[in-house]
Each structure stands twice: as structure tokens, then as C-alpha cells.
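*Asks:* So the chains spell out like this:
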Amino acid sequence: MKINNKTYDIVIIGGGSAGLSAAKKAYEEGISSILIVERNNELGGILNQCIHNGFGLHKFKKELTGPEYAYEYIEFIKENNIDYFLNTLVLSINSKDKLIVCSSSEEGIINISYKCLIFSAGCNERTSGQIMIPGERPNGVFTAGLAQKLLNIDGYLVGKNVYILGSGDIGLIMARRMTLEGANVIGVSEIMPYSNGLNRNIVQCLNDYNIPLRLHNTVIKIHGKNQLEGITICDVDDSLKPIEGREKFIKCDTLLLSIGLYPFNAMLKNSGAKVNTETKGAWVDQNLETTLDSVFSCGNVLHVHDLVDYVSDEGEIAGENAAKLIKYGRKTLLKTIFTKHNSNLGYLLPNEIKVYKDLNEVSFSFRVKKPISKGEILFKDGENIIKRSVKNDLIPSEMVKIKLNNLDFNNLNELSVEVNEI
Amino acid sequence: MKQEYICIVCPKGCHIIVDGDNINGYTCLRGLNYVKQESTDPKRNITSTVLIEGEDDLVCPVRTSLEIPKSEIFNVMKEINKFKAKKPIQMNQVLIKNVLNLDVDIISTKEIL
Ligand SMILES: Cc1cc2nc3c(=O)[nH]c(=O)nc-3n(C[C@H](O)[C@H](O)[C@H](O)COP(=O)(O)OP(=O)(O)OC[C@H]3O[C@@H](n4cnc5c(N)ncnc54)[C@H](O)[C@@H]3O)c2cc1C
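First to last, the sequence lines map onto chains P and B. Our numbering numbers the first residue of the first sequence as 1 and each following residue consecutively. Our numbering numbers the first residue of the second sequence as 1 and each following residue consecutively.
Treat the hints with caution; some may be incorrect.
Unchecked claim - With a cut-off of at most 30 Å between alpha-carbon atoms, the simulated DSS-like pairs for lysine-lysine come out as follows: (1) B:K86 <-> P:K62; (2) B:K87 <-> P:K78; (3) P:K380 <-> P:K335; (4) P:K61 <-> B:K36; (5) B:K86 <-> P:K391; (6) P:K59 <-> B:K82; (7) P:K274 <-> P:K115; (8) B:K86 <-> P:K374; (9) P:K280 <-> P:K269; (10) B:K84 <-> P:K160; (11) B:K12 <-> P:K369; (12) B:K2 <-> P:K340; (13) P:K62 <-> B:K78; (14) P:K370 <-> B:K12; (15) P:K374 <-> P:K274; (16) P:K269 <-> P:K248; (17) B:K70 <-> B:K82; (18) B:K97 <-> P:K62; (19) P:K387 <-> P:K369; (20) P:K115 <-> P:K78; (21) B:K2 <-> P:K149; (22) B:K84 <-> P:K280; (23) P:K269 <-> P:K369; (24) P:K160 <-> B:K82; (25) P:K59 <-> B:K36; (26) P:K62 <-> B:K70; (27) P:K403 <-> B:K12; (28) P:K160 <-> B:K86; (29) P:K391 <-> B:K2; (30) P:K61 <-> B:K97; (31) B:K12 <-> P:K62; (32) P:K374 <-> B:K82; (33) B:K43 <-> P:K59; (34) P:K248 <-> P:K221; (35) P:K374 <-> P:K387; (36) P:K401 <-> P:K391; (37) B:K36 <-> P:K149; (38) B:K70 <-> P:K160; (39) P:K6 <-> P:K269; (40) B:K87 <-> P:K62.
These aren't lab readings, by the way, just hints derived from the structure by calculation.
With the hints as extra help, turn the sequences into a complete structure.
*Replies:* Set out below in C-alpha cells:
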């Protein structure tokens, strides 16, 4: 079999918002040898199926739909003749030889060598197998994102009488979307005592259409052999266990699962990159470089985001630092500081700070583990407080981003972030 | 009468309380305008898809060019579902002009060539 070999300065795996903005930024930094590899038949990633509006408030100061947001970047890629391969699946990363192996519908197997690699392959949806709902696995059980793709790209409505498990934004948005298309959305169950979706989505997706949201409630059984016939829902107690006598049967032909996303990081893990056990994405430094030489990670494959604007920002960080590494080579490392956090944070990025001469700015992102109505956020070097801020209404579904600047990182011994309820 | 609204202008979701002419709890001008509109004549943007002539498993995403009254949502959806677009479709092309005489157009949100 003939194997095609190609070489680029920067190779980007995944043409979603993270990969597109990394490509744009690297190009603006003066790198012209860039390739985006995308397994789908178009660029844009998940944005193509997110036809609702609400994108780009931070970055473009206006409300765009997902495809419109993607278009702003895709136009840049096309105008500047940045290369991209569609219908091309990356199979593996060989970080030792700095090449990736792809399978393309047109060219068969291709080896592509890189100087820097940016891994931006997005996330996966959790399925019912992962949360162990007892019962059969009949037709009619879909992840909310798959139902969204089928409806918004292919034009196929997956069911007429719909129940939704999980109150994440995708589930809420699909509740409205299917209602508009004539389906009867019976309700949404959320096992936690609070919703994981944005307030605005509860108002405009559920309340607008009188769709009930049941908190502290979950699906405990799926009925039907070949086709879904119904589900049993049940209230849960504070330890999230079903309460006996509080079961209710609901007749429906479709159950949508909106029960969480996780980074699609397996390929990077298999190639030997260290994993952050809290995010399930890669372990990265402040430049978003992984533990593999010249391999960067950004977007949902690094940690799951709720705002596309932040995904684009992260793509820019990865694109800029990859470009700089190619242009200027690696700077002398003065020291490495591992970041730590207290138990109110679910995770913290970056995992480590590589201190070079003149490093004076680092961006941090984290999520809280449980809702905190008034939180004090502390950045500390040992017992010494470097920065303090106060933030109201911290919730797990909203990522917090904070920049430390004008700080001589070489003077630090440690760095920890604490959130405390006040 | 006291009425509480959750602002949907941005992801912040401020709780705004309207009590006659007294409006409290908003944190920006857009929020104030939203609640004034919402308490008198609620409006929404609608996004959906339209069929494309000659395509079986591809639809084109669309949106309203401006907000429409909430009470017109399902009427506008009927018009959207009746319509078939012809390729090529440009970004933000007007597909249905002045839908139901609401002074609002249905425009594409994707380029499909
Ligand atoms: C269903 C859903 C709804 C959302 N709704 C909103 C919203 O309303 N507002 C908002 O601001 N944000 C929303 N978000 C968040 C935000 O839009 C996304 O997080 C963001 O677009 C993700 O960008 P990404 O580039 O990281 O991932 P993706 O867009 O998923 O891009 C990853 C790309 O990598 C490709 N890929 C994966 N593996 C390979 C491989 N092996 N070889 C080649 N290509 C590969 C995929 O095909 C895909 O195109 C939503 C996210 C999801 C998942």
C-alpha cells in the first residue's frame, strides 16, 4: 500500500472552534504552513448543530448562532488559504517521530509530520451505560447532542413524546427545539437539587413552553424491549438515592440524555501524554503544552467548556504558543511550579507553570464543585496571599477564568487557588 | 403588582423585580430594556431549519431577523416548516420576507453552496 507523507509546521487535529481559532492565531503570528485535519465533511465542529443563538457575546459583542460564529473563522481560513483536510480521521499520534497517522476517504492512509501539534478533538457525551439505568436498551434512547445533530443538520426528528434526563444546557435547548418542531416534551429530571443549565435557558427553553423541571429526581427504569415505551422516574434523597413510594411511570417514545460531557482525550492518552485525573483531559502548562514535546491541547478535549468564546480564547493561547515555539525555539526553563487547589474546586488549569525569564502573566480556569452563593477566591504562595477577589453565585456549570498579571513568577515557591464560602 | 423576572439577555441571568414603575435588580441597560419589554409585550428570537430543494438529509439553519411576539412563535414555525430553500444559499440570505406581516424576515444562518 502506498502511504502519502506530508509535512507542516503546525498540524491541528479537529476543526471545531478550538482548532479554528488556533489556526487563525498561529497564522496571525506569521506561520503559514498550517494544516487542520477534520473527520467530518465540514469545518466548525459542534457549532454546526448548535443552531440556537447565544454565541459570541464576549468575542464579537453580538449574539450569533453556532453556524454564524463558526463562519467568522471559516471565512478567515479560506481567505488566507490555510490548508484543511475534510473527511480525514486521525488514527494515532506518534510523538517520538513527531507525526500523525490519518485515514482519508480520498487518499487512504496519510502520514503527516509536524513541528507542533495542536490537539482539539472536542468532547463526547455520557451515555446511559455510564450512569447505569436498569432496564432494556430499546430504540428511542438518545444522547441530547446526537438528537440535536439529527434534527438540526439532517432534518430528522427522533421522537414525538419526549422525556429529558439531565438539565444541562444541551438538554434544555433540545426541549425547546423539539417543542417547536411539534414534539410533546413531557418534562426534565435533574438528580441534583439545582439545575446544571444557565438560568436564561430555563426561562426561554422550559418556562416559555410550560415544560416542568423536576429537581432531585431521576430516571430509575427504562421500559420497552425493542422500542421505548416509557420510563419510571423517582425523587431522590440528599444522598441521591431513590425514595421508595415516590416512583412515577411516564409514557414516552423518546428519552434524551443530557448527563454530561467528557474530553475525547483517549488518543492523546494512548500516545503517552499525562492525564489530569480531574478533567480527564491532558495535563498542561500555562501555554497549554502537554507533557509530550511540542504537543498542545485546547477546547473541550482539554476540559469541557460552556462558552464557545472561552474555547476560542484557549485556541488562541495554543496557536500563539505553538507559533512562538517554532519561531524562537524553547526558552531556558528557570523552574516549574505545580498548581494546587482546595476542595471547593473541581479542578484547576494549568496544572503546572513553567517559569521562563520575563514570565509575568498566566490565565487560570476552574470550576467550583458545588454552588457557592458568595465566594472568596484566593491565589496563594504558601500562606502569602497574592490576589483576592470576591464573586457571587459561583456554580459548577459556569467556568471561572482569572488572569494573574504583573507578577514575577520566578519569585514564587508554590501556587495554590482556594475558594472559600464567606 | 410585584413580579420577578430572570433576565435572558446574557448568561448571567439577573433576577429583576418589577413593581409598577419600580424596577430593581438589573445590572445593565440591556437588562432594563429586556424587562420593560418582557413585562408588557414579551418577544423572542426563533431559530429553526428549513428544507432544501433536492436534499433529503440536509437542512438549512435559519433565524428571525428580529424578535417576534411570543404569541406568534408557533404561527411563524408553521411558515418556516412550509418553506423550501433553493441552493446556493448565502450566509444571512433573506429566505422569507416579512413573515406573517410582522416586519421580520427569516434569514439563513449558514452558507450552503
Ligand atoms: C452539544 C453542545 C451544545 C453547546 N451549546 C453551547 C451554547 O449554546 N453556547 C455556547 O457558548 N457554547 C455552547 N457549547 C460549548 C461550545 O460551543 C463548545 O464547547 C465548543 O464549540 C467546542 O469546540 P471544540 O473545538 O473544543 O470542539 P468541537 O466543536 O467538538 O470540535 C472538535 C472537532 O474535532 C473533530 N475530531 C475529533 N476527533 C477527530 C479525529 N480523530 N480526527 C479528525 N478530527 C477529529 C470533530 O469532528 C470536531 O469537528 C455547546 C457544546 C456542545 C457539545
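*Asks:* If a hint holds in the structure, say so; if it doesn't, say that too.
*Replies:* Going through the hints against the structure:
no. : hint              : result
1   : B:K86 <-> P:K62   : 28 Å, holds
2   : B:K87 <-> P:K78   : 20 Å, holds
3   : P:K380 <-> P:K335 : 18 Å, holds
4   : P:K61 <-> B:K36   : 22 Å, holds
5   : B:K86 <-> P:K391  : 50 Å, violated
6   : P:K59 <-> B:K82   : 35 Å, violated
7   : P:K274 <-> P:K115 : 20 Å, holds
8   : B:K86 <-> P:K374  : 53 Å, violated
9   : P:K280 <-> P:K269 : 10 Å, holds
10  : B:K84 <-> P:K160  : 23 Å, holds
11  : B:K12 <-> P:K369  : 19 Å, holds
12  : B:K2 <-> P:K340   : 46 Å, violated
13  : P:K62 <-> B:K78   : 28 Å, holds
14  : P:K370 <-> B:K12  : 17 Å, holds
15  : P:K374 <-> P:K274 : 34 Å, violated
16  : P:K269 <-> P:K248 : 42 Å, violated
17  : B:K70 <-> B:K82   : 20 Å, holds
18  : B:K97 <-> P:K62   : 23 Å, holds
19  : P:K387 <-> P:K369 : 21 Å, holds
20  : P:K115 <-> P:K78  : 23 Å, holds
21  : B:K2 <-> P:K149   : 41 Å, violated
22  : B:K84 <-> P:K280  : 44 Å, violated
23  : P:K269 <-> P:K369 : 25 Å, holds
24  : P:K160 <-> B:K82  : 19 Å, holds
25  : P:K59 <-> B:K36   : 27 Å, holds
26  : P:K62 <-> B:K70   : 22 Å, holds
27  : P:K403 <-> B:K12  : 20 Å, holds
28  : P:K160 <-> B:K86  : 28 Å, holds
29  : P:K391 <-> B:K2   : 28 Å, holds
30  : P:K61 <-> B:K97   : 26 Å, holds
31  : B:K12 <-> P:K62   : 15 Å, holds
32  : P:K374 <-> B:K82  : 50 Å, violated
33  : B:K43 <-> P:K59   : 25 Å, holds
34  : P:K248 <-> P:K221 : 10 Å, holds
35  : P:K374 <-> P:K387 : 17 Å, holds
36  : P:K401 <-> P:K391 : 12 Å, holds
37  : B:K36 <-> P:K149  : 36 Å, violated
38  : B:K70 <-> P:K160  : 23 Å, holds
39  : P:K6 <-> P:K269   : 24 Å, holds
40  : B:K87 <-> P:K62   : 27 Å, holds
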